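The task is simple: from the sequences and hints, build the whole structure.
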Amino acid sequence: DAKTTQPNSMESNEEEPVHLPCNHSTISGTDYIHWYRQLPSQGPEYVIHGLTSNVNNRMASLAIAEDRKSSTLILHRATLRDAAVYYCILRDYQNSGGSNYKLTFGKGTLLTVNP
Amino acid sequence: GAVVSQHPSWVICKSGTSVKIECRSLDFQATTMFWYRQFPKQSLMLMATSNEGSKATYEQGVEKDKFLINHASLTLSTLTVTSAHPEDSSFYICSASGPGVLGGYTFGSGTRLTVV
Numbered sequence: 001d002a003k004t005t006q007p008n009s010m011e012s013n014e015e016e017p018v019h020l021p022c023n024h025s026t027i028s029g030t031d032y033i034h035w036y037r038q039l040p041s042q043g044p045e046y047v048i049h050g051l052t053s054n055v056n057n058r059m060a061s062l063a064i065a066e067d068r069k070s071s072t073l074i075l076h077r078a079t080l081r082d083a084a085v086y087y088c089i090l091r092d093y094q095n096s097g098g099s100n101y102k103l104t105f106g107k108g109t110l111l112t113v114n115p
Numbered sequence: 001g002a003v004v005s006q007h008p009s010w011v012i013c014k015s016g017t018s019v020k021i022e023c024r025s026l027d028f029q030a031t032t033m034f035w036y037r038q039f040p041k042q043s044l045m046l047m048a049t050s051n052e053g054s055k056a057t058y059e060q061g062v063e064k065d066k067f068l069i070n071h072a073s074l075t076l077s078t079l080t081v082t083s084a085h086p087e088d089s090s091f092y093i094c095s096a097s098g099p100g101v102l103g104g105y106t107f108g109s110g111t112r113l114t115v116v
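These protein sequence lines are chains A and B, in that order. Going by our numbering, the first sequence opens with residue 1, and the numbers climb by one from there. Going by our numbering, the second sequence opens with residue 1, and the numbers climb by one from there.
Worth flagging that the hints you see were computed from the coordinates, not collected in a lab. It should be emphasised that the depicted structure is a prediction, and the values quoted were computed from it without experimental measurement. Virtual Cβ for every residue (Gly too), placed ideally from N, Cα, C. Just to be clear, a hint being listed does not mean it is correct.
[Unchecked claim] Quick look at which bits of chain A chain B covers, simulated, 3 or more residues with Cβ under 8 Å:
#1 39-46
#2 104-114
[To be verified] To give a feel for the contact side, a few chain B residues facing chain A, derived at Cβ under 7 Å:
#3 L44
#4 G103
#5 V115
#6 V116
Okay, here's the thing in structure tokens:
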């Protein structure tokens, strides 16, 4: 599986934008980029995913580099409730064996939001 | 939509006893369920993958006789930790995938197991 590299931790101030980077230099053409986050003492929750084009939803935006070797999760206005570990994960939908595909979690980025 | 309910949220048990954790998909059919374990300050480690009506596939190093997984229906999977010991104390998380699940996977809220 293609691997991702994320900073161990980042810090932000409340109501400011946050850019969480992810490097995936060995990404294949059929890998989708997924982001999940895990709040303290909870299971992970889906944030966003994309393939080539930038994506927006109510939680965040995903900016994907033109060569797809990196991506950035953007939280437009961080709140205290956004403090969590953010995981960037690649999933090959085409060759993944359907719903049996195992999501492999790296260490993620611990985001701290200061009031 | 695509909600997974996991129970209990926490449990304390005595060493040598067994504990069952349930994972239910409330509004979709979970064709595949996954069980993870997470130790403090660490990432999620996949323990096993299960498909409805089939035997679970365990990751290397996970004892299948100790961590019994049952996936008898498309909405329910259970993990039973048998003869629990203090080193089994951990945060256990289930995940489910199925048609219509945004992003492909949804996760339970986790179960904090403490073995004393």
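Next on the checklist: For each hint given before, does the structure comply? Return the numbers of the non-compliant ones in rising order.
Outcome noted: When the structure is compared with the hints, numbers 5, 6 turn out to be violated.
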